[in-house]
Structure formats: structure tokens, C-alpha cells
Amino acid sequence: MSSPAPFDEHAVTPLLEVRDVSKSFAGVQALDHVDFAVLSGEIHALVGENGAGKSTLVKMFAGAYVPDSGAIVVDGASYSALTPQTARKAGIAVVHQEFNLLMDMTVAENVFLGALPKGRFGLSPAKAVRRARELLDRLGSDLDPRRYVSELSVVEQQLVEIAKALAADARIIIMDEPSTVLSPEELIVLYGVLHRLRQEGRSIIYISHRLSEVFELAQRVTVLKDGRFVSSDVTSEVTEDELIRRMVGRPVNELFPHRTSAPGAPALEVIGLEVAKKLFDISLTVRAGEIVGLAGLGGSGRTTLARALVGLERVSSGTITLEGAQLPHSPGACARAGLVMVPEDRKAHGIVAGHSVTDNLSLPSLGRFASLSVLSPRRQDEMAKRLVERFGVRPARPKVAIENLSGGNQQKVVLAKWFDMSPKVVVLDEPTRGVDVGAKSEIYSIIEELSGTGVGVLMASSDLTELLGTCDRIIVLREGAVAADLPRSEATEESILRAATPTRSVASEPAPAKEPA
Amino acid sequence: MTSTTIQKSPRRLEISAARLRRHGPVIFVYALVVVLYIVACSLSPALGQWSNLSEILRQSIVLGLVTIGQVYVLLGGGIDMSVGMTARVVGLGVAVTMGSTSIPPFLVIIGGLVAGAVVGLINGLFITRIGAAPFIVTLGMMGVLSGVALAITDGPTDVVPDFFFTIYDATLGPLPIAVIAMAVLWAVAWFVLNRTSFGRNVYAVGGSASVARLAAIRVHRTQVWTYAAAGVLAAIAGIFLLARSGVGDPTLGQGLEFSSIVAAAIGGVSLYGGRGSIVGALGAVLLVTMSGNIFDFLHVSGYFQQLVLGIIVLIGVSVYRTRGRQ
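Read top to bottom, the protein sequences are chains H and E.
For this note's numbering, count along the first sequence from 1 and bump the result up by 31.
For this note's numbering, count along the second sequence from 1 and bump the result up by 112.
FYI, nobody ran anything at the bench for these hints, they're computed from the structure.
One or more hints might be untrue.
Label-pair ranges, simulated between beta-carbon atoms [stated by the list, open to error]:
{"id": "1", "chain 1": "E", "residue 1": "HIS332", "chain 2": "H", "residue 2": "ARG417", "range": "22 to 28 Å"}
{"id": "2", "chain 1": "H", "residue 1": "ILE219", "chain 2": "E", "residue 2": "ARG333", "range": "40 to 46 Å"}
{"id": "3", "chain 1": "H", "residue 1": "ASP51", "chain 2": "E", "residue 2": "SER430", "range": "55 to 61 Å"}
{"id": "4", "chain 1": "E", "residue 1": "TYR384", "chain 2": "H", "residue 2": "GLN116", "range": "50 to 56 Å"}
Quick caveat, the model's predicted, so the values are computed rather than measured.
Built from N, CA and C at the ideal position, the CB exists for glycine as well.
Using the sequences and the hints given, assemble the complete structure.
Rendered as C-alpha cells:
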């Protein structure tokens, strides 16, 4: 049984297939001899935990990654690797979590990007608008193609992405975890769109780690785990429990350290914090030794809040105190006072590329290695060696330039450098984004260790599994305001999502007829 | 049907408000042009007369040529610091070749344009193949070319053949032919940017190279062509400058890289790429030329003019920046 596709006996040929594909990054095996096949006219769910290899596989279909070995077969034609051009020609379109749209162009231009319709004299914007409107109609949306993408809501932008796929006449449309950016109402709109596409005979690969969606939407489901193919089944022939068992393969909490926390006195207190148009009346407390999660949909203000705490956003009102003392409004001064923020974009704000691990580690506390402003390399080296060992940074060579480390190890360095400053509260924004599973688990241990020494941790994340696994308490943001403050015992994926979802209806309804008058 | 039309009218209003915001810089620039014209008329009726206006248009040609090229490069996400020196090398090269050889002038001019294209291609290839920063590559090119210009001549060259002056002087009805040619060039520049795939690709590449790449747009090729276009246009500017002065002046084209970037920025072209319009740039070129005309009338020194130009940039950039943030 080398080919696992269960429909083979019906002589249905797969539209898209990967055979025995492997891919590794810096020694981490992201895909390990994976087989996977999509039939025409089906919605095929691809499920697995974070780090199971779903995204790697998608990037391969998009032509962004070259497989180390194996073949990608599209409609009978075999490729050792796809490029963006061949993928497009073969009829594959990917709707990524982060949209590939040009903000300063109109909907119509984005839809036909690279293939704008021509009129009698050069390109015809009017024709582009008309044809974009037709495509959007087919998707059941009345979005105006003349609007600029920068003005659109998330679900509207997603529609533009799908319209883009249709414009390229894509036969295989890959949706990369749409549920992480859409509210449940918006998802229903999306489901409608996907069913229409399927009726047109197109195939959809729907990536998710939420199983309820799989049973609602997909005809077949494939499970990946730790970069390996586990199973492909007709959805009606498997149970949710069975899928969970295959996805997880071990108890979920094994990834996370076991917590025995005893939160102390309030360390960080925020009262009535407002940032114009972004945050409204935010009040929260983080106690010493406590890990508080910050959940919310994209755009709910998680990152804004993290930035506002250390003075990176202009605060219009409210007070932020650390152990009773008013906090200054600059990141540097906050760090000296004991509040440290580890930002989301590691490359832009977390590491200094081109410098060694040692340099990066000693950056926030250079003063301590200096006598009369002259740095002591010996003392720096000692500290770096100590931290690298303690946090398990690999390779364990402090002299190596930091950009040569994997994402997970870079993040360990970023965390370690603050650890040595003995902060009182640490604010983390997406601490494990772009980090592989193994390093994730180690980062959780570091966070756990931090809180064990009495440091308060506020952790903003879009990964609910991660929040549920590490936090003592989860604060849910919705449209810039605190929607819920859930203790660990009450926090579940469902309760968080319910609190995070705006109650009013979404901006782009499927059809005016369905609206209540 | 009635319900949909009722629904659509407020949305259309919304769109035009968004358009207005988006085209703010362009409207701002043309409003300033009008204000400046009124100021000029109040200073002296002579400044408002047609003869002076057509002179302003003719004065705007050199800056206009270079700015069009600069706008293409900027929209594509680059910057070209070498345009001024390209104009100088081509202008001096053409002057010296025509003075000292018997090559037909027509071929000499063609040669000058090819030289401009080659400079642009080299810029573009260095930037895309080697992945070096556009600013540094073109700054290096600027240095190389200023050396080449010195090697060609370090003093004024011989006077160019008589027919050469007609490039500058010939008129058709009330307008200099050069101005008409320039107007056509602006129109072509607009058409290429807005009505050809290449033009829209330039916007896409400057807006986000990775998005453009995924849309199967040849990012590097597009960028290389923007530099080539800037090179050719700078070469035309150099030849035109030569026609204006009649002799190859070794300071020819001084500061054009700066003033072209200034004009693009005032016209609302983003220095980060992907955003801006040729219409705005035209307004900015007219604005800069008109203010120079008024300063000349008032006998304000060239140094002071530079200073004012710099201040306008700083004000303009901060105005657009705060708007962009909202």
C-alpha cells in the first residue's frame, strides 16, 4: 500500500498529488516522505498540530519551497519542484494567512494582478472592474472592485484573494488556516463561497487545526503529524476522536511544562488605558509569577496593547504602574524600570543581525560589562556561555552570528537576554511565531522558568493551544476592549472564541436578500 | 433592483471621499501651482503673460524629463542618484564628439541615448543581480560618471552646430516645439504607467516585490527597465541642456538627481515605492519651475532657491506622512 488515496478503486485520478516528498530546514525534518492526493471537485481538509508540516506542504504547492526529494504531480504531469509560475500555470492558487495583496491598489487590480484585461488602447481599468465584479458575484459578494485594498476588512481581503484565484482560473485553491483570521460569522460566508467553488468542479485544500470545521466542510481529510503522513479518509468514515488521536498522538499537555503557580502581589497594573481608535478602557493586572495570556482575533488590539505598555503607542488616557510606580513612556526606560517587551517581529525588533549571539545577549545590559565605559569581553563571554547553556541555544557557540540560528533558537536568545536583566514583568508578543515544535516546547519552559522566579508574564498570542497550555489566566480582547478575563479553569478554545467574536454582523454579507430588513 | 441602487449611492460617495484622500497630494500640488500663479501676477503682470508662461514650460523640460524617469524608478521601489551625471556625461560627450569628429549629428545623438540606456541597465543589473541597495549603486555610478565627465572635458567645449539650437528654439504656433514634445512625453509616461502591463507591474513591484513575484510578474526585469528608462530620459535631458546653452558646460546637469527626487516627493510619489502618480509629479515640476521663475524675477540667489526647495520637501514630506498614518 504505497498509495493511500482511498478513492483509487473508483478510478478517480487525483488532480494534485505529492509522492514521497521530503523537506528539511537546518536539520529539522519538516516533511518526511509524505504522500498526499487531492481529487477533482472535493474539499480536502489537511489537519495537524502546529508544526505538523501543513504550511511547508502549502509553500511547496505555491512554488515557494523546493522539495529535497519526491515529486509533485499535477493533472498527470510530474514536477520535482514547482515555481510560482509553474504553480500558477498548473492551476494552483494559495490563499495564505497573510494575504498577498497590494494595499495601494484597487480590488480589481489585485484580482487581475500580472494579467490585467486589455481594451482597445492598452489596459482597460473599466473592463477590469467589470470582470472583477462578475467574479465577486460568483462568490456571492457585492464588494466594489474600485475600492482600495487598504480600506477593506479581513474577510473582504480574503474574498479578493479567492477572486484572484478564480481570475487565474485555478482548479486547486488552497486555503491556509482561514479560521485563524476570521470570526465564526465570516467563516460561514467563506464556507458558502467554498461550496460554490466546489460545485464549479474546483478542488479545495482546506488547512485547519479545528476539527469541527473539517466535518462541516470537507469530503476527505488528511492528517499530518510531525512532518509525516498519518492518514487520508472520507470524512464520514472517521470520528473526531479518532482524528484527534492521530493528530496529537500523545497527550496535548506534554508539549507544555507542568505548572504549579502561586501568583504573588500585583506587579503590572493597567487602569483605563486608551489609545485613540485602537484601544478602549483597558484595565488588567499581572501578578508576580503569573502567566497571563492575551487572546483575540487579528486586529483586536493585542499587539497595540503590548506596544502601548512600553510607550510605543501614543496613550490618550489611563495609567500603567509597575509595582505601584508610574511607568515611563519609552521602551528603554521601561526596561530599566523592570518591564520588558519582546516584540512580534523578531527580525525587525528583536535581534541585531550581523552580530554574534554574545553581542545580542549583552545588548540590554552592556553597562554591567563595563568599567569606566570600557567593555570587558571576558565578562561578556562568561555571561553568554552561561545563558547559552542554560537556555539550550543550539549551536552552543556564542560567537556565531545570530542570523545563522534557527527561528526558535533566535527567540531563545531574545528571551535569554532579558532574563539576565532580572525584569519584573515581561510582555511577549507572539513568542513562538515561525518556530518549530521542538524549540516551542523549550521556549515554553523558558517562560515557565521566568515566572517561577517571580516574574510576571503577559503573553499575546494567536495560537490558542499555546495560551491554553501555558497561561494561568487568559484575557480576551475584542475590537480594542477587554471582552473576558478567564481563569484557567474556565478557558477553553470555545469560550475564548465566543468572547473574541464581534456580535455585530460583518461588513460584506453574501447577498442583500439574506439581510434582515 | 431599486433596493440595490439605493444601497449603492452612499457607497459611491464613500468611494469618492476615499479617492479624494488618496489623491490629496496631487490636489495640494495643483492648488499650490494656482496660488503661485496668482502671487506671480500680483508681483508683476509680466510674469503672468503668455510669453512668460511658455518660457516656464520650456524651462520645465529638463527637470520634467529627469523626473519622469525618477518617478518610474521610485514607483518600482528604487531610487536613481546617477541621473544628473548621466545627463552631464551624455551632454558633454555629444558636444565633444560633434566638435571633433565627422560622425553625422543624428548618429551622435542616437549614441548619446544608447549611452544613457546602458548606464541605466548597468544600474539595474547591479541592483537586481547582486542585490545591492539602489541608493548605493546609483551613488557609485554618480561618482564614476562625474569622473568620466571630467575626463571628457574640464572646460567649456566648442560651440555646437547651428541646427542644434533649433531643438531648443523652434516653435509651432504659439508654443515651442520642445514644449509640445514634452507634453506628448508626459502623456506617454502617463499612458505607460496606467494603461500598460509594464506600468502596472512597476506599481506592483514597488508595492510589494513578493506579492508581485507570486503573481508571476518578472520583478527584476521590471526594475531594470525602470532604470533604463531613467537613463534614456536623463540622456535626452543632457542633450536638451546642450541645445539650450550651445556649449558643453562642465557643470551641466548639476543637482538634477536631487531636484528630480524633490519633484517626485512633492508630487506625492512615495519614496518607498508603489504609490504616487505621474500627474502629481507633473504638478510638482511646474511648481518647482514656477517658483524658480519668480525667484529669478526677484533676483534671489540660486543658493537661496536650493534652500527653499529643501524646506518645501521637508514640509511636503511631513504633511503626506501624517496623512498616510491616519
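Hints, one by one, checked against the model:
1. For HIS332 (chain E) and ARG417 (chain H), the Cβ-Cβ distance of about 46 Å falls outside the hinted range of 22 to 28 Å, so the restraint is violated.
2. For ILE219 (chain H) and ARG333 (chain E), the hinted distance range of 40 to 46 Å is satisfied, since their beta carbons lie about 43 Å from each other.
3. Separation of ASP51 (chain H) from SER430 (chain E) is about 58 Å and conforms to the stated range, judged on CB atoms against 55 to 61 Å.
4. In this structure, TYR384 (chain E) and GLN116 (chain H) break the distance hint of 50 to 56 Å, their C-beta atoms being roughly 27 Å apart.
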